[in-house]
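Take the position in the sequence shown, starting the count at 1, then add 1341; the result is the number in the numbering used here.
In short, the hints are calculated from the structure, not lab data. Here the structure is a predicted model, which means the values were calculated and not measured. Cβ atoms here follow ideal geometry from the backbone N, Cα and C, with glycine treated the same way. A couple of the hints might just be wrong.
[Claimed, not checked] Quick list of the computed label-pair ranges, beta carbon to beta carbon:
hint: 1; residue 1: 1425; residue 2: 1362; range: 20 to 28 Å
hint: 2; residue 1: 1403; residue 2: 1350; range: 29 to 37 Å
hint: 3; residue 1: 1417; residue 2: 1349; range: 41 to 49 Å
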Amino acid sequence: MDTNLTVETMSKEDRERQMYGLTAQEMIEDFNMWNIPGDAAMMQMRAMGILSDVQEGLSRGVLSDEDVRQGLNRAKYFMSEVKRQLPR
């Protein structure tokens, strides 16, 4: 990805890769490969798993600031998907 791009000139996929480390579609495809598509409880578990991985990586000092930021953003993405699926 060209780091000289501004947010305004970046594609949606490039913005997602910068934010999450991969695209939202790639996250959902990976999730759906191992879980029931759209299963809110499992999405919540996935978010907690990501947070646990980030916490462990921080404690061992093996994650860069960027890895931490992207991991937290991935967890927030899954939690927003859970919220989106809850009845209103």
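Verification of the supplied hints:
One distance hint, 20 to 28 Å for the beta-carbon pair residue 1425 and residue 1362, holds here, with the actual separation near 21 Å. Under the hint 29 to 37 Å, the C-beta atoms of residue 1403 and residue 1350, about 33 Å apart, fit the expected range. For residue 1417 paired with residue 1349, a C-beta distance near 23 Å fails the hint of 41 to 49 Å.
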